[in-house]
Structure formats: structure tokens, C-alpha cells
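Trainee: Here are the chains, one letter per residue:
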Amino acid sequence: MEKQTQNKKKQNAVGIFFEELSKSTGLVTFLAILTGIILSGLLVAVTTVEVYDAFSVSFWDGIKEIFKAAWATYSSLFIGAFGDPTKIITAFQGGDGLAIRRAINPFFESLVQATPYIFAGLSVALGFRVGLFNIGAEGQLFMGAMTGVFAGYAITGLPAYIHIPVALLAGALGGALWGFVPGFLKAKTGAHEVIITIMMNYIAFKLTDFLINGPMQDPNEYTPKTPWIQESAHLTRFFGDPIRFHLGFFVALGVAFLIYWLLFKTTWGFELRTVGSNPSGARYAGINTTKSTIIAMSLAGSLAGLAGANEVLGLNFRMVPSFSSGYGFDSIALALLGKTHPFGVVLSALLFGFLRNGSRQMQLKSGVPIDIVSILQALILAFIAAPAIIRTIYRLKKPDIEEESIRVSGWGGK
Amino acid sequence: MAETSVTSVVRKKVHKHQTKARRVSMGIFFLLVAVFIWFVFIRGADPGALTTYVMTPGGSSALMDNWVFPTASTLSILAGICAVAGAYQLIRGFQDLTNGVLAVVSVIFVFSFLSWASSEGSINLAGLLRVTVVRAAPLTLGAMAGILCERSGTVNIAIEGMMLISAFASTVVASLTNIWIGMVSGIMIGGLVAYVHGVLTIKYKVDHTISGTVINIFATGITSFLSSKFLQKTAYQYLNEPGMFPQINVPFLSKIPFIGPIFFSHNMYVYAMFILVAILTVALFSTRWGLRLRSVGEHPKAADTLGINVIKTRYMGVILGGMMAGFAGTYFTLGSSGRFDELLTAGRGYISLAAMIFGNYHPVGAMGAGLLFGFFDSLSAKAAILKVPVPSDFLGMMPYLATIVVLAGVVGRSQGPAASGKAYDKESL
Amino acid sequence: MASLLELKGITKRFPGVLANDRIDLTLEKGEIHALLGENGAGKTTLMNILYGLYSPDEGEIFVNGQKVTINGPTDAIRAGIGMVHQHFMLIPVFTVTENIMLGEEDVKMAGFLDRKKAAEKIKKISDTYKLNVNPNSYVKDLPVGTQQRVEIIKILFREAEILIMDEPSAVLTPQEVDELFKIMRILVDQGKSIIFITHKLREVMECADRITVIRGGKVVGSTTPQEADTKKLAAMMVGREVELKVKKTKAKPGNTALHVENLRVLNAQEQFAVDGVSFEVREGEVLGIAGVQGNGQTELVRALAGLLPPTEGKIEILGKETTKEKPRFISELGSAHIPEDRQKDGLILAFPVSENLVLNSYFHKPFAKGIRLQFNEIAENGKKLVDNFDIRTPSINTPVRNLSGGNQQKVIVAREFSRPIKLLIASQPTRGLDVGSIEYIHERLMKKREEGCAILLISTELDEVIQLSDRIAVMYRGKILDIVNAEDSSKEMLGLLMAGIKPSEEMKQKAKKEEQIILT
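Residue numbers (our numbering), protein chains in the order written: chain A, 1 to 414; chain B, 1 to 429; chain C, 1 to 520.
Isolated chain A (complex conformation) (with noise of 0.2 Å):
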């Protein structure tokens, strides 16, 4: 039933979608990707010992090598993203089940590793649409993961139907405070959100390992782990081993259509995005600014916080101290990438996600670092965030509307 009326919005959410996607200014965000990649390729290459002694041979042995190095890496990031064609089709000619879902797995993984980053990115999203940055999405994503696997362990006897909204619910409440306060001391006393989301992200990081190490340790472990979640909290899997895609997915796009609908279609959205492009006209609107940043704060760091428990309750079924996601701090780039509207997130979302899981392999199988992906985020957002870089390198003309750019507040200022 729950899925039947998701799919229906999904199909109007599809039509709308290639309409917002045209509006944009897609080719720019297409270079900015294409150059970041360009660049980062380019310092996996430079930092290649095999290429310098190549080039003590010759320099086009050394020439064939940076692009030998390029083509590992990528490739190794393809592979790992969408998974080795060639295992694909010969695990479906042999009809073998573990095979198949061996070879289609990277792809499914790359969903799964996708879906955190669909939460993550509309909290951030949500942020700026209200003229806050919010930082926080990690420490928000922390506490999320806590309050949800608590939930899933201290609470038995509930079916499956049940236990899974109310552990997601707990994961979104748990996010929602940590939201709640920096959107509380932002309102009422101007402090600057980025530098308070910042602190409580190192408070959530200090208390959730306090926590694991203390009152939510499972006794029956040697090591610090939270007990294991009630197996009605797991969130369904659809295929068998090792495919891990589960039911968070559909969840993170129902999550967001449904913040389309509330951002676009209704006066309280309405509401926000006015406070977040035009405070003091919002003030004389009548809109009450105070309660529209708590809100949107609040609720942006249940969508982080729903990140959080995505990755416990789908993905881990406990929580364990080296629980380190980075998710938060990534979506940063996407929610920019994704010019702050759930559609845009989404997509980005789907490419760090592909990045994510496609970067982990290349790590194996080439040795770069997966912190080439921070690097590639960075460019991919500068490009970004002064299209006018793009432009004067690719020699594009500037648009005839200006392009609306992104503005956050300043300190002590409401």
C-alpha cells in the first residue's frame, strides 16, 4: 500500500523533474564535473611513483604512463561504481544466482551508498533554502544513528510494520534536537550557525563515543558495540546475498519528493524560502522568522538524522565506534552541486553515491587514497560555486538572466 502511493508520486515527480532539470544551467554543472575529474586525475598522476620512473625512461613511456595511471584509476572507479561488464554478462549467460547478484552488486551498492547522501544533501538543502549552512548534518547523522539504534534494540515485541517507522521516527527526532539548537541560538541570539553546527558535531562525535563505550554497550561484547537491532527494525532487503539494497532507498525518495512538495507547493514552504532569500521583507510579510528557521533547521537535522539511522538500521544493524560516515560533510557539495532542490540533491546523491562505492574499489585495486573523492568535491564545488571560472576557461558566454548564487549570512547578523 505504502509502496503504491510512492510509485504514483515518483511517475507526476518524473515529468516535473525533466521540466526543473531543463531550467537549469546544466552545462556548466557538467564541465565543473568533467574539469574536477580532469584535475584529480591529473594529481593521481603526479603523485604516482611509477610515473616519474617512467619518465626517467622516456617521455612518452612517462606520457603513457600518466594516462595508464589515469585509466586505473578510473576504470577501477567504474568497475566499482556500476560493476565489470564483461562479469555481468557472463553470470547471467551461466544463470548461476549468487553469481549474477555478484556481478549486478556494485551497482545495487552504489544505490545503497547513495541513499545516505539523499538525506544528508536535503538537510543541507533545506539549510540554505532558509539562509543557513548547515555543517552540522554529520553531528546530526550521528545522533540520528544513536536515537534509531536505540530504538531498535530497546524496543521489542513490535512487528515489522511498525518497528521500522518508529526506529526511522526515533532516528529523525535524534537529528531534529541537534538541528533544533543551532537553529534555536541562530534566531534568538544571531550566532552564527556554521561555528555552533561545527561545535555540536564535535559533541555528537565525544558523546555518541561516550555513549557506545558506556550505557549503550552490549555486555555481551569484549569490544565497545551497541547490542544488535531487533531483527522487525531491519529495513528489508529486496535481493539475497550480498546485495545490500534495502528499503531506505525508496524511503530517501519518497523523503524528498516530499520536501519538494512542502519547499514549492505550500505556504509554509512558501514561508521559508522567503525568510531564507529576504529576512527583513519576510519580517514585514509578516512571517514569523524565528519560527521558520527553528522549524527548518529542526527539520533538516531530522533529514540528517534519518541519514544516520538509514545507515544503522539498513545497512550495519548495530553501531560501533568507528562508525565514521563523512556523509554529512560531502553533502556540503552535493546540496550545491544539486542547486539546493530535492530533484537536483537526488541526482547529485546518486553520483556520490557511485563515486563513494566506485572509489572504495579503486583504493583496492590502484592504491589512491579514497580522499582523491574530498578533493574531487572541492573542485567539482568551487567550479560551482564561480561559474565564471567554467566560462573563462571553456570560453562560454554568460547567461542572459543572472544566475541567482548563493548566499549565507554573516556574523552576529540576523
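Because the hints were derived from the structure by calculation, they are not lab data.
Computed from a predicted model, the values in this text were never measured in an experiment.
A couple of the hints might just be wrong.
[Said to hold, decoys possible] A few chain C residues that don't get close to chain B, going by computed Cβ distances all over 10 Å:
id : residue
1  : K248
2  : E332
3  : L333
[To be verified] With a straight-line Cα cutoff of 16 Å, these simulated EDC-like cross-link-like pairs (lysine to aspartate or glutamate) come out:
id : chain 1 : residue 1 : chain 2 : residue 2
4  : A       : K206      : B       : D393
5  : A       : K265      : C       : E377
6  : B       : K301      : C       : E151
7  : B       : K229      : A       : E50
8  : C       : K121      : C       : E151
9  : A       : K68       : A       : D53
10 : C       : K182      : C       : E203
Each residue gets a CB set at the ideal place from its N, CA and C atoms; glycine is no exception.
The hints should help you fit chains B and C onto chain A, whose structure is shown.
Mentor: Okay, now just chains B and C, sitting in the frame of chain A:
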């Protein structure tokens, strides 16, 4: 568009109106502190317990006797003082002195906490204060970097990233050459990164906060990338052995009991902090260079109409700020740990920004704020030693909680440079 | 003999508009030359080119017969040109001395500032030209008139021979304007030459030696006060016959729509900007509040709109107490507000015209059902209003930032007028607009008055207040000094009130007998 002139009419009689709400809430806060001290610290300690403050830091030769006093009675007196202050504040209000009284009450609270935590044991107060000064150095230097940028009109949240890149670069260069060249390279690269920030914000008019975040993400990425690829591998270990700056005792001054070891027995970073605070203060407020720099951050159009090159000045400000941040960054490796580890700055760049705001964009204020945050930093570091029934993780949260409290309580009133964070558009008048 | 200053063929283009179109202008030594034109005619652009803030696309500048290239303010200063801008270029947190010496600092060794030497120089200039300025005050503490004199000293400090003054009287009381003209005469007697930009006909007739009229970026003609009169000048400025008087029917006031009692409001510096104000506005009448900017009008309006809670006093709108109420409650009662700063407070620049038109009614039926917005209704409403109010826009979906100032104001007016309102608070409704838009807004206001709406008009343009109001209140330092009938008042009397001086009985009698002042 419809801009009115600069100010309203002057008033002969100034109706200063301390809002009732603030007076009452402050008064209640003071009383709460008194109550807290009474019920938690005094009741929690044995009546006959003694607090021992060791007044000589470990390893120092400037000896001073321990300061011992009975916990309960001393704290009662302090609680009494707070209660009196609270009552007075509620009834009359301290008006202009309120902030001063707030500072005193806060100090009393912290003192009581320490006394309670170490009753029946001892705590090395001198050591605690000495580490405070040490921890204050990178924060103050970072805050001054922020001041140079903001005062000239550029918001710089990338201090963290600049510190990180500089820490990495200086480590590698120092390992390959020597420690002084390493330090200089750290300064240079801080300036280079700041130049990029400048280009993005001044030339391409990217939002300052976004540009800063991009740099931070890039810095984290590239330092971790290069660190994983090289520094963590044994084959390249020689790249991660830069050495450290030695401690220098100021002759004669470092022998003064208590004060000496706290202020005059450090490596050069602490002395640099003091010297740079003095230099920057003089430069900003008494020289032509400083006047022009500040004008560009306050009202760039006014400066432009007087022939000052706003763009060049802004670049200069941000690059100097970057160099200062770079210098601060070298502290973490060349002045503290002697090696580079991923993300070793741990948010200090952001705390520097809070120190800058708290210090009201003034170098001396920044140092005061740096000392405050440094105190919390050193307290959380000594957490394990304190036999306090508070988990170490919570004590570790202290610098971050303190930052939040400061920003929430202070920033609403702090006025930064008027045109900071706004791109300068020549053609718009 | 060559003129002191000559501009030949100056042309400047901005995207979409030709701001200056082959303009020629000369300035003789020792003359006061007025540059007259309505808002948007291109006067400020021309002067900015002269001062080096813009560079011309075509044209040349000659000083004393020699061609000069002015690439920036430094070149202009070196050529002996100085400019007092309409919006002051002063740094509030610096002292007078620091503001003046910036860029031309007196320094001791090694770049250390010599504030004392500079202060001495400033005192000397202040005394010579009777400007009465204290070098050690902080600019943020100075009243507006004094700040303007600081700007003048700034120019004289750099030994300028040619002074450009951009709308200098915009922020002064009539008496302060007279004082300014006196100072200008002293400057000219001492050998300086002045170009001053204005859109006010009276000033031009009173103090200029020569007048050049600019319209739509072109020079329309040059004349002198002896040869021309205000009617002719107005026609040159606008290009057609201008009705200088507003047609007004006799007032028929009804019930009290706005009742303010003993209102006291604090400003951001914790001082009483509004200090015990009481007045009433009835349906069908216009109460105008005159006064120089900065005497509490802004805070008064914000308090009435519900954005700034008063510390004491009472506000009643249409019978209901609204002292501590929120903006939405007040607007729902039937009170409308045209804000002083239209771009900051009145509009959301990034949003389309249609959404700006429902900015304070989007939550009502038919624009919303519950929380769901009804976009069809919003679009229909947009089309209707754009038609009715003659708003020039490419479409209802154009972001409102692309509209001209006059059309942006029309959007606000359309929005407020399309609701059922009984009280209208209009704050500086025609600031910065061209004559056509000004006429339009005045017409609409008078029509609303006839329909029985109560109007509170706050304006620093004294002529506008006198023209449109039935009664006039003058605000000075947070208090209302007096409320008089418009027909019983004179500009002289109001000018005195605006400066804080209560007029004598004699003056009041004189005012009653004189005719109504024409819009000059």
C-alpha cells in the same frame, strides 16, 4: 537603494536603558552559581577536606610552596560572594559593570569546580595555567589571522584548512631541510591558500563562507590523501620527522616563582604570540597602513573615493591573514607534536574564529579569548588526572561547549567590520 | 579664455540603458553651476565619470584648457576635483580626523599616523569657511548636517578647486539648506567653483549662477535663473507640461482609524527614538509627518507596523489595540504599509512579480487551500493587478529585481491597495522615483483618501507633505512638536519646526494669510 544618512540625531541626554529582562536573568544566574557551589561542591566535599594547589609546574626549577586551604569553608565564602552579587544585581543591577561582575562570578565558579575536583588530592594549578598559555598560542594566532582578513573585508572560515595544509607542508619541508625553512614554507603556503580564497571571493565574488568551506574540504582531502599515500608508509617515514622547536627560558624572568614558568618558559610560539599581538595592535590602530586596511573593511566605497585601491588592499589583508594562519598551523607539528597526523588541528581553526569574535576583532581581545579557550582546552587535557566523577568524554567537550556559550551570549552584541563579507562592486553606486 | 572645466561628448552605457548621451558641459571659475534633472536622468553618472569612479565610453575632459585623463579618484583629486556624494562616504567608527586624512595621511616616521597635525589643519579649514566641526568627534555621533560639512572639509583638505555636490540638500531642514547655500557662497568668494546636482527647482532658482537641464541622458538646455522660471524648468526636466499642483477635494474625515497615545520606542542604541508621541488619523484624511530623516520617524513606523515593540504607550488601529501585536495581526485588521526601504522590506527581489503581489495574503483563500498554494489563482491575481496598476514587466513570472524602481513601487502599491484597507501608512512613497511614477503614486493616494481610507504619510520631501496632507505633524528628536492644518501652515513655519523651533504667534498669523506654496 533608499539609503539614509549615517546616523540619527545626537542626543544631549542619553536615556541608557538596561532592559529589565537582562538584569533579572543575570541576577538569577549569579544566584544559581552560588546555589550550585553550595549544593554540589560544598556538600559533595568532606568537611575536613583540603584542596592542594601545586604552584610549581612539573619539571620547573622556579619553586613555590603549595597552596593549601580547607575546601568547604573557602567555597562557602565564595558562594556567599556570588549570592550577594546576585541579590544586588536583581535589586539594583550593576549596569555598566555587569559584564565585569559576570566575568568574576564565572572565575569563581571555575575555581570552585577545580577546588572541589581536587579536594583530598592535589592539582597542579601552575601546570594547568602554563598549559593554558601554550594552548592559547595557536588559537590567538589563528584569531589574529581572522582579524587581518575580516578587518580588510574578507570573512575567512578557512583558517582550519590553512592551518592543516601549512602543518603538512612545513612538516615535509622541515623533514627534508631544517626546522626554520620548514616554518617559513608553512607561512608561505598559508599565504598561497589565502590568495586562492581571495581570488574566489574578490574576483569571482563567491560567497565567503562557501569559498572558505571549499578550501577546508580541499585541505582535509589533500592532506589526508598525501598523508595516507606517503607519510603513513614506512618507506617515506623520513618525510615525517621534522623535529621541534626547543623550549627557551627567558633569562631571569623565568625564575620568578609561579609567574615565571607560566609565561616565560616556552618555545618560540608563545613568545611570538605576545610579540605579534603587540605589533598587530600598533600596526592596525596607529599606522597609515592600518587605517587604510580598516577603512576597506568598514566602508570600501568611501576608501575608493579617496583613491585607495580597495581590491589590492583586500588581497593584501587576506594574504597576510593566510600567512599568519600558516604560522599558526606550523605550531601543531613543529611546536607541539613533532609529526603530522591526519586532521591534527581538530577544530582549532574554528575555535580561533570564536576567539576573534569574542575578542571583538582586536588583537588583545583575541589573546584574552585565546587564553580563555586555552584554559578549557588544557582542563580537558588534564581530565584524566582529575579524579572527577565526570567521564573524560564530557570534559573533552568543554572547549566546544564553551565556544557555543560564548557565541550565543556575546555575538549578538559584537560588531564586526561593517563591510566584511560583502563583495566590492566598483560599478554599483 | 578657456573654461575652468569642460566636458565634451561624454557617453556612458550600462547594460540596457544609455545613461549619458554625448553630454557637453562647462564650468567657469567662481560660478555655481546647477545640474538639474529628475531621478534617473543621468546626472550622478556624469559626475561619477568626472570624479573617476566610472570611465566614459566616449568623450573628453579638459581642465583649464588641458586635456586630462581621469582613471580613478586619485587622478581627479590631483586635477583639483572633489566630490561630496549623496550618500555620505564616511566611516562611522572613525573620527572626523581619520575620515578626512584617509588617503592623504599626515605621517610621522615609519608610517605612524600624525593625528595631531591633521587635526590642526582641519581646525584651520573649519574656521576659515565657518564650518564648525570638531576634529576629534566620532562620525557616528554627529548629526547629519555636521557630517555633510565634514565631507566638505574632506575636499578642501585636498585643496580642491572644483567641488561637486550631489543632492546636498536631501537630508537637511530648510534652514540648514539656507546655511549650506551661505557656505557655498563663501567658498565661491574664496575662488572655488561648484557643480551641484539636484532635482529641486526652488534651490536651483535660489542659488545657481547657471542651470543645465538633463533629461534621459541628454542635455536639454542651459539657462540662468534670470531667464527661466520653475514652470519652464519643470517642463524641460520632464519633457511635457507638468501639473505642479495636486488636485484635492475638501476633506471629509470620518471615524478614527489610528490612535496613538504617549508612545515611546527604543532604537538599537537603546535610546528613545520615539519619545512620547500622540496623534490621531481619521478615515478620509491624510496626516503628514514632516521632519528630517533620523528624528524617530523610522522607529515610529516600525512600531505601528508591529515590528518594534514600544516600551510605553498605546496604539489602536480601527478600534482594536495593537500595541504589542505582530505584523500579521495588524495587516489582517485592514492596515496597509508602504515601507521606506522598498527593496529590503517591501519586496522579495528574487521572487516573481506574481508572488510578490500576494506576499501578505498568500495564506488566505483563494491563494491557498489549507497549506497548499493555488498557483492558478495567484497567476490570475497577478495578471489582473499588473493590468490595473500599469506595472511594466515582461511577465508575471519575472523576478521583481528586474523591474525599475518605479515599477517595483507599483508592485507594492498594487499589493497593498488590492486588499480591503481602511488605514494606509506610506513611508517615503516616492523616494528615488521619476516624475511620472511620482504623479501616479500621488494620484492613487488621493483616490484612496476619497474612498474613505485614513492615510498616514511620512516623507522628508516637505513639498510632498504640504501638497498631499490635510494636517501636518512635525517630528523632531522623537517628539511631535506641533500638529497644524495644512492650509494654515507655511514652509517657513514648518522649516522652523523641523529644526526644533516653535514658531511665534506672529508667524502663525502670517502663514494663514499667505497662499498655498506651489510645488517648486
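Trainee: For every hint, state whether the structure bears it out.
Mentor: Hints, one by one, checked against the model:
no.: 1; hint: K248; result: 26 Å, holds
no.: 2; hint: E332; result: 27 Å, holds
no.: 3; hint: L333; result: 27 Å, holds
no.: 4; hint: K206/A with D393/B; result: 6 Å, holds
no.: 5; hint: K265/A with E377/C; result: 13 Å, holds
no.: 6; hint: K301/B with E151/C; result: 14 Å, holds
no.: 7; hint: K229/B with E50/A; result: 13 Å, holds
no.: 8; hint: K121/C with E151/C; result: 15 Å, holds
no.: 9; hint: K68/A with D53/A; result: 13 Å, holds
no.: 10; hint: K182/C with E203/C; result: 12 Å, holds
Checked against the numbered hints given earlier, this structure breaks none of them.
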